Amino acid sequence: MYVCLCKGVTDTRVREAVQQGAHSMAALRAELGVCTECKKCAVSINGVLRDTLMAAPVVAAPLCLPECHTSV
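Its first residue numbered 26, the sequence shown is counted upward by one per residue in my numbering.
Simulated from the structure, these hints should not be mistaken for lab results.
Bear in mind the structure is a predicted one, so any value in this text is a computation, not a measurement.
Each hint should be verified, as a subset may be incorrect.
Label-pair ranges, simulated between beta-carbon atoms [unchecked claim]:
| id | residue 1 | residue 2 | range |
| --- | --- | --- | --- |
| 1 | K64 | C89 | 39 to 49 Å |
| 2 | E92 | T37 | 37 to 47 Å |
| 3 | A67 | E41 | 50 to 60 Å |
| 4 | M79 | K32 | 19 to 29 Å |
| 5 | V83 | E56 | 16 to 26 Å |
| 6 | G72 | Q45 | 12 to 22 Å |
| 7 | E92 | N71 | 34 to 44 Å |
| 8 | A55 | R75 | 16 to 26 Å |
Glycine is no exception: its CB is placed at the ideal position from the N, C-alpha and C atoms.
Let the sequences and hints guide you as you build the complete structure.
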């Protein structure tokens, strides 16, 4: 489905951009050119951004680095 008619951007393309690292509206604007003309797409694109980020698997970071366990 097209979410930005001015630039011809689909929700699929927005999801792909988010999965490749565009984790903000500013990043999507820079990469895809969305929300730069009439701005009617902002609500829809923000929803796709939010949903895609929420669906992404959470990667747990280690509680400490290996250096924490070296003897002094």
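Hints and how they fare:
1. K64 <-> C89: 39 to 49 Å: holds, 45 Å
2. E92 <-> T37: 37 to 47 Å: holds, 43 Å
3. A67 <-> E41: 50 to 60 Å: Roughly 19 Å apart at Cβ, these two residues miss the hinted range, so it is violated.
4. M79 <-> K32: 19 to 29 Å: Given range 19 to 29 Å: holds, Cβ gap about 24 Å.
5. V83 <-> E56: 16 to 26 Å: holds, 24 Å
6. G72 <-> Q45: 12 to 22 Å: holds, 19 Å
7. E92 <-> N71: 34 to 44 Å: Between E92 and N71, where Cβ atoms are some 40 Å apart, the hint holds.
8. A55 <-> R75: 16 to 26 Å: holds, 18 Å
The earlier numbered hint that this structure contradicts is number 3, and it is the only one.
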